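Novice: Given next are the chains, with one letter for each unit.
Protein chains: 2
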Amino acid sequence: MTTATPQPQLQRTLTRELSQHEGQTVKLQGFLHARRDLGGVQFLVLRDVSGVAQCVGSGLTLPLPESSVEVVGAVKAHAKAPGGFEVQVQAFRVLTAAVEPPPVEIPKMEWNVNPETMLDYRVVTVRGLKERAALKVQAELLAAFRDHLINEGFTEISTPKIVSAGAEGGANLFPIDYFGHPAYLAQSPQLYKQIMVGVFERVFEVAPVYRAEEHATSRHLNEYLSLDVEMGFIESEEDVMDLETRVLAAIMTRLRERAQPELALLGATLPEVPAHIPRITLMDARQLVTEKYGHAVGGKDLDPEAERLLSQHYAETEGTDFVFVTKYPRAARPFYAHPELNADGTPDPEYTRGFDLLFRGIEITSGGQRIHDHAMLLESIAAYKLNPASLEGYTEVFKYGMPPHGGFAIGAERLTAKLLGISNVRYARAFPRDRHRLTP
Amino acid sequence: MTTATPQPQLQRTLTRELSQHEGQTVKLQGFLHARRDLGGVQFLVLRDVSGVAQCVGSGLTLPLPESSVEVVGAVKAHAKAPGGFEVQVQAFRVLTAAVEPPPVEIPKMEWNVNPETMLDYRVVTVRGLKERAALKVQAELLAAFRDHLINEGFTEISTPKIVSAGAEGGANLFPIDYFGHPAYLAQSPQLYKQIMVGVFERVFEVAPVYRAEEHATSRHLNEYLSLDVEMGFIESEEDVMDLETRVLAAIMTRLRERAQPELALLGATLPEVPAHIPRITLMDARQLVTEKYGHAVGGKDLDPEAERLLSQHYAETEGTDFVFVTKYPRAARPFYAHPELNADGTPDPEYTRGFDLLFRGIEITSGGQRIHDHAMLLESIAAYKLNPASLEGYTEVFKYGMPPHGGFAIGAERLTAKLLGISNVRYARAFPRDRHRLTP
Chain U
1 MTTATPQPQL
11 QRTLTRELSQ
21 HEGQTVKLQG
31 FLHARRDLGG
41 VQFLVLRDVS
51 GVAQCVGSGL
61 TLPLPESSVE
71 VVGAVKAHAK
81 APGGFEVQVQ
91 AFRVLTAAVE
101 PPPVEIPKME
111 WNVNPETMLD
121 YRVVTVRGLK
131 ERAALKVQAE
141 LLAAFRDHLI
151 NEGFTEISTP
161 KIVSAGAEGG
171 ANLFPIDYFG
181 HPAYLAQSPQ
191 LYKQIMVGVF
201 ERVFEVAPVY
211 RAEEHATSRH
221 LNEYLSLDVE
231 MGFIESEEDV
241 MDLETRVLAA
251 IMTRLRERAQ
261 PELALLGATL
271 PEVPAHIPRI
281 TLMDARQLVT
291 EKYGHAVGGK
301 DLDPEAERLL
311 SQHYAETEGT
321 DFVFVTKYPR
331 AARPFYAHPE
341 LNADGTPDPE
351 YTRGFDLLFR
361 GIEITSGGQR
371 IHDHAMLLES
381 IAAYKLNPAS
391 LEGYTEVFKY
401 GMPPHGGFAI
411 GAERLTAKLL
421 GISNVRYARA
431 FPRDRHRLTP
Chain D
1 MTTATPQPQL
11 QRTLTRELSQ
21 HEGQTVKLQG
31 FLHARRDLGG
41 VQFLVLRDVS
51 GVAQCVGSGL
61 TLPLPESSVE
71 VVGAVKAHAK
81 APGGFEVQVQ
91 AFRVLTAAVE
101 PPPVEIPKME
111 WNVNPETMLD
121 YRVVTVRGLK
131 ERAALKVQAE
141 LLAAFRDHLI
151 NEGFTEISTP
161 KIVSAGAEGG
171 ANLFPIDYFG
181 HPAYLAQSPQ
191 LYKQIMVGVF
201 ERVFEVAPVY
211 RAEEHATSRH
221 LNEYLSLDVE
231 MGFIESEEDV
241 MDLETRVLAA
251 IMTRLRERAQ
261 PELALLGATL
271 PEVPAHIPRI
281 TLMDARQLVT
291 EKYGHAVGGK
301 DLDPEAERLL
311 SQHYAETEGT
321 DFVFVTKYPR
331 AARPFYAHPE
341 LNADGTPDPE
351 YTRGFDLLFR
361 GIEITSGGQR
371 IHDHAMLLES
381 IAAYKLNPAS
391 LEGYTEVFKY
401 GMPPHGGFAI
411 GAERLTAKLL
421 GISNVRYARA
431 FPRDRHRLTP
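Protein sequence lines, in the order shown, are assigned to chains U and D. So the first sequence is numbered by the numbering used here: it starts at 1 and just counts up by one. So the second sequence is numbered by the numbering used here: it starts at 1 and just counts up by one.
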């Protein structure tokens, strides 16, 4: 380890603050992002949490890239340097030398080249400027989500991820050996967030959820961060969609305020969130896509191409990247989805108060009003031909006066990826888990 | 379902806002917390997220307790009512009737009576005023933790809970079947938060962790919420203890500002966090407890009685509820703990830069500086007689210039319980998981 005299009297300066220190001597700390030795003179790029700085010195012995280093030097304006300033090195110290060259050159990485290799070496590739920018944007997104909900009187909850049965039925669960008893990783906090409406009325949770889905696509993860919301004393699912609209607006506001360098680096354009996001029923959406674009929609939902076309329609006609698709049929929703009500207040046998939110061609939310009436819930379980005994843990709380309520969930990685134009959702997670990937 | 005419023109008022509406007609919504029918006149206590309100009316048919209800009525001063105001009911509407009486009377619950029964019926007992107050305090604690760290330049991360091996070795792991491959629930984000120091320098995570510990005590949970912090470019573990001191101060400030009703309800007194929390080495602490209190300390750490006595000493002599116990011996710390350094900079073979924080007689944190030097880490793995091959996933990132770094973790439930004087940590979690409890 190189040990020059440390300069404890100097406070550390961040690279993004260089412009405030022109002509002064500063101390920078960070990673050796790049280096070039021209014999008599050495150039190095130091990367810290806030950005990069070009430094120039002479007689320096530069360690391997990614070493942790400290530079003390004078700040000079330099038009060609990143940020317009350069540091002329007076003292250079290696804090921790890298012992091997990184397996890929961090400054030259491209997401679209060898994605599997990039993920294999994720412990170091995650240091890349674009890679970390995506995760930084996600961190700001989470903060905005929580702050907005707390301001609207929501309370944060933490619910079990080890469960005795799945909230959505038995499929796609990862089994756990819980002291010799069978248990599973939770697919969703659905039941628990509903229970907690009985406690705090309005609740949210940010926590991992698990889907043991065998497919390996660019839009699915087996472990992802779910932004879950549930609110009581609503009139209908319209209240839930209104809330989600406000939450999305708060997210975009914070990203504009606090993530400009990252958005610029990634070339991302944030959407405007309209005061009222357009709403169209699923049936009308299917018809629109078929009639306008000649796309025959398969299944009971919207297929990926139909989602893309419907988003295209609203971008063209209303200039928005968002659309709520509402009134899903029961066949496309779980048993706890609240039925649509007829004019006389009786439940509609076919349609629910469930909705999806599409953003730039992809579903980023499922939500809706849930059944709160105990008798209606038991009828729904029967209509879905589910075993009421296996759902007793779920139905129990509905004996005790649950108010009308509803909520939604956003997949944090999918929303991040779509906001930033990242084609593979795995790059919106630090250490993704997929069908074939359990490390690092 | 009783259906009177709803009053959509009236905005909902919260029970804690009644004093601002004296003489006015308000609409309350909430749960029927308690009821009393004196024949000609009915009293009801309505519970909402903000508290309770006494309401009085005549000719009302009151549903079962815990039903969701709506009351419209006039606010009158009434010295004996909770909060000093009462609502004289003009219209009463049942939103959702409970179909069974609750299994326990919510207003009369006591934590110390039949704790297992209370947990069996947690889906409804969690509605109790004290039960929810504890969880509300925890929510504010989490918000304070995050907000303070964000203000100090920390970035939130989300790391995998499905892992291929344990960070602390192989013991106490819950096994998962991951598409036919063996995997485990993460005991800690230790490795991942260290990796992310290479990305953001300062990181935090709030997420569940898992310990398959067989013991069932009042201070352990098998699933708990870990408040994890890791920071780079430190000089020593002193920087980490300084940070934790500031975090704890920020938590107490927010609780004083935003959780007064809950603290009062629970009779809790918040501690003062001194600007400098006393620090004593483990060896000195053991000696002090032995000499002052005649307690022979077993093992290599502090036993629970020694923790209690050491806290008592600092409460008596320095008037503080906190003490850092420092310089743990290697035998009581994992392999990644950074050794203490001798005056000449060489590693001390016996002691580490690991610390615990005691609060009111119990350990609430482990933390310390970690090894950042690749060669030193390999030597430590050898000295601990661990298999280097099984730790390659861990050691990999240390090839790439990790800066000096350290961190700590706080168990959210244990800190909550200790702050509030709750004797069993399971009541500081909405739905605890323990050796015998997998539901609800």
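Some hints here could point you the wrong way.
Subject to a maximum C-alpha distance of 30 angstroms in a straight line, what follows is the list of computed DSSO-like cross-link-like pairs (lysine-lysine) [what the hints assert, rightly or not]:
hint : chain 1 : residue 1 : chain 2 : residue 2
1    : U       : Lys108    : D       : Lys27
2    : D       : Lys76     : D       : Lys108
3    : U       : Lys76     : U       : Lys130
4    : U       : Lys399    : D       : Lys27
5    : D       : Lys108    : D       : Lys80
6    : U       : Lys130    : U       : Lys80
7    : D       : Lys399    : U       : Lys27
8    : U       : Lys399    : U       : Lys292
9    : D       : Lys76     : D       : Lys130
10   : U       : Lys385    : U       : Lys399
11   : D       : Lys399    : U       : Lys399
12   : D       : Lys27     : D       : Lys76
13   : D       : Lys385    : D       : Lys399
14   : U       : Lys399    : D       : Lys130
15   : U       : Lys130    : D       : Lys76
16   : U       : Lys76     : U       : Lys108
17   : U       : Lys80     : U       : Lys27
18   : D       : Lys130    : D       : Lys80
Hint data in this document are derived by calculation from the structure and do not stem from the laboratory. These figures come from a predicted structure and were not determined experimentally.
Novice: For every hint, state whether the structure bears it out.
Specialist: How the hints compare with the structure:
Between the alpha carbons of U:Lys108 and D:Lys27 the distance comes to roughly 62 angstroms, so the proposed pair goes past 30 angstroms and is violated. For the hint pairing D:Lys76 with D:Lys108, the CA-to-CA distance comes to about 27 angstroms; that is within 30 angstroms, so the pair holds. As the CA atoms of U:Lys76 and U:Lys130 are separated by approximately 27 angstroms, the hinted pair is consistent with the 30 angstroms bound. At most 30 angstroms may separate the alpha-carbon atoms for a hinted pair to count; U:Lys399 and D:Lys27 meet this at roughly 25 angstroms.
Between D:Lys108 and D:Lys80 the alpha-carbon distance is near 19 angstroms, which keeps this suggested pair within the 30 angstroms criterion. Distance hint between U:Lys130 and U:Lys80 is fulfilled; the C-alpha atoms sit about 21 angstroms from each other, no more than 30 angstroms. Between D:Lys399 and U:Lys27, the direct Cα distance comes to roughly 25 angstroms. Compliance with the 30 angstroms bound is thereby established for this hinted pair. Distance check on the hinted pair: U:Lys399 and U:Lys292 sit about 47 angstroms apart at the alpha-carbon level, beyond 30 angstroms; violated.
With a C-alpha separation of about 27 angstroms, the suggested pair D:Lys76 and D:Lys130 falls inside the 30 angstroms cut-off, and the hint holds. Straight-line distance between C-alpha atoms of U:Lys385 and U:Lys399 comes to about 21 angstroms, which keeps the hinted pair within the 30 angstroms bound. A hinted pair counts as satisfied when its Cα atoms are at most 30 angstroms apart, and D:Lys399 with U:Lys399 does not qualify at roughly 58 angstroms. Straight-line distance between C-alpha atoms of D:Lys27 and D:Lys76 comes to about 14 angstroms, which keeps the hinted pair within the 30 angstroms bound.
At most 30 angstroms may separate the alpha-carbon atoms for a hinted pair to count; D:Lys385 and D:Lys399 meet this at roughly 21 angstroms. A hinted pair counts as satisfied when its Cα atoms are at most 30 angstroms apart, and U:Lys399 with D:Lys130 qualifies at roughly 22 angstroms. As the CA atoms of U:Lys130 and D:Lys76 are separated by approximately 61 angstroms, the hinted pair breaks the 30 angstroms bound. Restraint check: the Cα-Cα separation between U:Lys76 and U:Lys108 comes to about 27 angstroms, which is no more than 30 angstroms; the hinted pair holds.
Our distance criterion of 30 angstroms between C-alpha atoms is met by U:Lys80 and U:Lys27, whose separation comes to about 21 angstroms. Among the hinted pairs, D:Lys130 with D:Lys80 is consistent with the structure: their alpha-carbon atoms are about 21 angstroms apart, no more than 30 angstroms.
Figure legend: structure checked against the earlier numbered hints; hints not met, in rising order: 1, 8, 11 and 15.
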